[in-house]
Amino acid sequence: MRSSRSLLLLLLLLRASCSIAQSLEQWTAWGDAAFARGEHYGATRFYNGALAIDGGRMSLQWKQAEACRLSNQYDRAAEFYEKVHRKDMGRTHQTALRWLAEMQLCTGQYTEAEATWRKVLQKEKDKSSFTARRAENALAGCAMARDSSKVHKEIVLSHLPQPLNTYDSEFGARRGPDSLLYFASLRGEVNEEGEVKDTASYRTALYRSRGRNNTWEAPAMLAGGTNGHGDNANATWSLDGKWFLFTRCDSGTPCRIHIAPVTTNGIGKAQVLPGIGDTLHSTQPMVVLWDAREMLLFVSDRPGGEGGTDIWQGELHGGEVKYLNPLGRPVNTPGDERTPWYDNVTNSIWYSSDFLPGHGGYDIFSAAFGDDVFANPVNAGRPINGPANDLYPVYDPERGEGWLTSNRVGSFAAKGETCCNDLYRFEFSAEKTEVIAQIPEPIRRLTHVEKLTALGERFPLKLYFHNDEPEPRSWATTTPQTYGETYEHYKVLQPTYESENPDPVIIRSFFVEKVDHGFAQLSDLIEALEPVLAGGRSVVLEVRGHASPLARNDYNRNLSMRRIESLRNHLRTVRSGLLGPYMEQSDSSRADLTIRELPFGEERSSRGVSDELRDLRNSVYSREAAAERRIEVVAFHLSEPESEALFERHVMQLGDLPQGVERTIRFMVRNGSDKPLELLQARADCGCTTAALPKGKIPVGESVDIEVIFSGRAPDGPLRRTVTVETDGIPKRFELVIEGHVIP
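Letter 115 of the sequence shown, counting from 1, is numbered 116 in the working numbering, and no numbers are missing.
Some hints could be false.
[Said to hold, decoys possible] In silico DSBU-like cross-links for lysine-lysine, where the CA-CA straight-line distance does not exceed 30 Å:
1) Lys151 x Lys88
2) Lys463 x Lys452
3) Lys452 x Lys128
4) Lys463 x Lys515
5) Lys243 x Lys151
6) Lys243 x Lys323
7) Lys733 x Lys698
8) Lys126 x Lys88
Don't read these hints as lab results, they were simulated from the structure.
Required output: the full structure, derived from the provided sequences and hints.
Structure (structure tokens):
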């Protein structure tokens, strides 16, 4: 009898155990599914159910921490990150400590955040890594947040009332040409508990409202096709008001900037902004008059930036954007930059960053612009910034007002006190304009060499060609054509390329992102070269060639040489021959501009590109084949004679350097003395760099190459390495310097 009772009890316990286990798995699976759909708040509700059954399971605690962070539940995220870190100590979840520090910042716990960030920095062995640099910025932000002098008491910040703000999410306010306030709102249904439901119809749309005497009319959704489908936000206009630009996010495609004509009947049919790139993420447009040009500022994570999302610029021409470039440092960082606004009164860009020293989350910064360069960004301070996210700055000194978006405590919230964004307005006096837009130090005028160096950091500069151009079906190694002529011919053929491709969008984006972008970069390079050469500094451009594999290697090598020659012709003749005299090398007293050829043929072509002559669609007109037909300016070599009797310094800008990848750099040195010159020995400033010296003496007036080999073993970030070569004559030594940016 006792045995039967024991067996029955065991069966009941096993059944209860299976029921609990099944329930735990269900809650977790539901949470994982919601997380995968981007419904992070909903995921936290499901993980709550799982944690109620097994609250000590670390894998669940980690999932809950991540879901809480991504749904802006900073205090709960900090709680779970701390639990995970105490158990794990960074073995499995290496980022738990860093995210704990970020969440402590976002809740305004600056003393605790400072202590945690110091641990993060102490544990990070590579002090140039992203995490170490972020820790240093965060520690500076903690100090700034506790500094009462950083509070601008003259600024009056007000939380806009209902019906403008709701318990949903409002963001991106700015005044339109009609002086109405335009903004986006993510609106959905509310359940009986007052919480916002996560439903399929929960989407973002554009609204506008009229304000009078600090009261606001009920917002009206924009009519027409603007809000027709998808999520729509970030309204802005061309300078003449004839074009309306905004962001649309459709399922299955990246968010992209759209454009629509504005007529007397309202906003017309929208399309993806031509030139922005159909397959690349683009958002948060802002149009500004800049250097007598109508410029588009926008945000993108496309290749070519500093990391994360960056602020980019392009020129608007009749409903199309051209010549896209990132703003670069110091505005862009390895973190995320977002929501640009440009003020023409103070010539300053306003934007948000989560990497620079701040109060927590995204902070708002401004950076003044002058002499083609931005000053170092300045934190806007409090009350504009707070511990949570502060985004979408609008600074309007003519009205004495500004706007921002924040999920700070005090916003209307139905999912937690920092769940949702609201609109805020700040007011200031005319005198205050000079205070919050000022720069601690005046902008230092960049030297011509520094401007050229900044361009070199964006190398390689890629220039593209149509198949077998220039001089098709020729074995010649030279051509009378300029690159500008081949570029114009290539652009004429763009409709043919689009018609030959199954998806014309892909090849259209190639012409915008690659062909046009390369030509724009070449124009910038030419503008930067002339004053450097005029100042007596010789420049060597290193150029290598590629070709698609339709011909034999020896033919492709000659083709690459013709393409490099077309670049040489372009530099010699462009802008009425501005650079021509520096390329003649007939006057020893004048600086030289030299192109050093590094030609490659088919052996440099990517695998998988068709080499079938009869398969023109793939071997000529495909994006893959078109991407191979290029030359690249990979580096420039800047001669810097400090003293004829002492030494010469030669600096080579290499742009991005993949970490761990060996690179050979050739420096050309010339014997300008009246006696043969012997190179005696080479000394490097680190073990990662070596040099191979040529044997024998250098005849008078002749040049030789010195090979410097960089192993690639260096932390990510800025790089400068020097090799010193001693001689038996004049100059007594050459300093060979390589500069670049090591990327993981």
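Results of checking the hints against the structure:
1. Lys151 x Lys88: violated (38 Å)
2. Lys463 x Lys452: It holds: about 19 Å lies between the C-alpha atoms, which stays within 30 Å.
3. Lys452 x Lys128: holds (28 Å)
4. Lys463 x Lys515: With Cα atoms ~8 Å apart, Lys463 and Lys515 stay inside 30 Å; holds.
5. Lys243 x Lys151: violated (41 Å)
6. Lys243 x Lys323: holds (18 Å)
7. Lys733 x Lys698: holds (14 Å)
8. Lys126 x Lys88: holds (22 Å)
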